[in-house]
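Produce the complete structure using the sequences and hints provided.
Read off the chains here:
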Amino acid sequence: MSVDYVLFGGLALVTILSALGMLFSRNAVYSALYLIFNFSTIAVLYLMLSAPFIALAQITVYAGAIMVLFLFVIMLLGAEQRGQAVRTWWMQPLALGLAGILIFEAIYLIFTHRTSFPPLRQAVGDLGNPLQIGEQLFSNYLLAFEAVALLLLVAVIGAIFLSRGRKLR
Amino acid sequence: MDWASLAEWTLKSFALIFALLGGFAYLTLFERKLIARFQVRIGPNRAGPFGLLQPVADGIKLIFKEELIPAQADKIIFILAPIITVVPALVIMAVVPFGPPIQLFGRTISLQIIDLNVGVLYIMAIASVSVYGIVLAGWSSNNKYATLGGIRSSAQMISYELALGLAFTGPVLLTSSLSLAEIVEAQRHIWFVLYQPVGAFIFWISTLAEVNRAPFDMPEAEQELTAGYHTEYSGMKFALFFMAEYIKMIAVSAIAVTLFFGGYRGPFVDQVPLLGPIYFLLKVVGFLFLMVWVRATLPRIRYDRLMAFGWKVLFSLALGNAMLTALGVLLADMFQNSLWLWSIPVTTIAFFLLVAYLMRGSIAGGNR
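Note that the protein sequences, when read in sequence, are chains P and V.
Those letters in the first sequence? Residues 1 to 169, by the numbering used here.
Those letters in the second sequence? Residues 1 to 368, by the numbering used here.
No wet-lab data here; the hints were simulated from the structure.
Some clues are possibly wrong.
Stated by the list, open to error - One-sided and incomplete, this derived list gives chain V residues near chain P with beta-carbon spacing under 7 Å:
1. Tyr122
2. Ala125
3. Val131
4. Val135
Unchecked claim - Computed spacing ranges between beta-carbons, pair by pair:
5. P/Leu76 <-> V/Gly59: 32 to 38 Å
6. P/Phe8 <-> V/Gly59: 39 to 45 Å
7. P/Ala12 <-> V/Thr10: 25 to 31 Å
8. V/Ala15 <-> P/Gly158: 46 to 52 Å
9. V/Gly235 <-> P/Asp4: 39 to 45 Å
10. V/Asp2 <-> P/Leu162: 53 to 59 Å
11. V/Asn142 <-> P/Gly10: 32 to 38 Å
Backbone N, C-alpha and C fix where the C-beta goes; we use that ideal spot for every residue, glycine too.
Structure below.
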């Protein structure tokens, strides 16, 4: 178990540092790269929770597909350098306030419910098995699954419509 | 985890990496020799007997070449990009089984680095990450040709990845497992290419595009882009891109063999396990020969036609193939009769002909 703690500590450090790097780097391409790094470390965290399916889906979808499109947009628009950012005065205080609430709640939960959390393996169950995930998706979570499918379909139609909007008229 | 299995893993990983590096070196010679033969030339024959030392000579030449980093390049990413390209190519083979388990020193050793229960997804994940090296190489060179080349070939890779992912679903549906060892085991009696002729065809074409080989070798469209994303690279950094391309060729051939052509399965493998890796190697070499043959035969496709082909033809074919395969598996399951699986090749080939007929004018015409 102690090996797990050491691994988790290192990973958590990398996760936080890459998130900070994403926030503070001046070049948008570097920000995107830090974000990819961050997504990958989160995938490793899923692996540590013995959920390889979710870990690899995280890499394929987030670190792979979505971030490539981000990089494309940044490179094609030449938006690497941070220009005059449009800022409104309430943005920073609001963000700090919300982050403060989140941290407070997390710390409160950890220190009050520490003993009542279920052990790791028990809480995660059989998430490692893709067969189980499929069965769960098509039985217990069928409604949510279909709702997401519908949403994606609408998004696809919307993308097609927007990209050829001028030709239709 | 005991020390013996740790040592086993380490040794297997080293063996795989050295096999891939050696395979890369001799694949370049194999390709040059074959292309020479296709063009009625002799090919490299000076270094060593039959030119067998040619890869060594090439390696020495590349090591001693001057390395340039353009003054306006983004240095960190410029140096990182070749590494980011090579690593996915090296690790993607980790889930591919090379042979049945063998007995050695009283231990059962499986000839596979690790049998993930999500092996197919692992391949997809690594393939989707391998785009980054090329994008970043193009961007960090700070050169219009390189940037355009990088964006082009990565757009191509992303587009063909969809068809590739859908082609994976065929064997997965037939096996009802994502583990490559189980997929090979399910092909004990019959290769999946017979159930999945269209799937294997889609897989083959999209892997050619995925590894940027002819006729989809957009990054090397010299007349348009000089050398694409690796225009500014020289010396060992260029060699790394070169290496990644050839290792990816080996990797996708091995994956194609595993998914559709029975993997290491062949006659007498159960009696003599060591025949497994030999069959595997022979099948992979067959695929590599096919790749070189395609390169020697077909001209390069124009970029807009390549994208139109990927999205309009290959993607729709792959969607239909996945659906019809699922239907066949469902029918076989419902009637408890595996003869229904033979409906898959019939329906998918009919669908293939239909799509080919409907699309007959739209690619060559180039109307987008």
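Going down the list of hints, with the structure as the test:
Hint status for V/Tyr122: holds, given a least beta-carbon distance of 6 Å to chain P, under 7 Å. A distance limit of 7 Å between C-beta atoms decides the matter here; for V/Ala125 the minimum to chain P is near 4 Å, and the interface restraint holds. Because the smallest distance between the Cβ of V/Val131 and any Cβ of chain P comes to about 5 Å, under 7 Å, the interface hint for this residue holds. A hinted interface residue such as V/Val135 counts as satisfied when its beta carbon comes closer than 7 Å to some beta carbon of chain P; here the least separation is about 6 Å, so the hint holds.
Evaluation of the 32 to 38 Å hint for P/Leu76 and V/Gly59 yields a pass: the beta carbon distance comes to about 37 Å. Evaluation of the 39 to 45 Å hint for P/Phe8 and V/Gly59 yields a pass: the beta carbon distance comes to about 42 Å. For the pair P/Ala12 and V/Thr10, the beta carbons lie near 27 Å from each other, so the given range of 25 to 31 Å is met. For V/Ala15 paired with P/Gly158, a C-beta distance near 50 Å keeps the hint of 46 to 52 Å intact.
Look at V/Gly235 against P/Asp4: about 43 Å separates their beta carbons, and that is inside 39 to 45 Å. Between V/Asp2 and P/Leu162 the C-beta distance comes to about 58 Å, which sits within the given range of 53 to 59 Å. For the hinted restraint 32 to 38 Å between V/Asn142 and P/Gly10, the CB-CB distance of approximately 35 Å keeps it satisfied.
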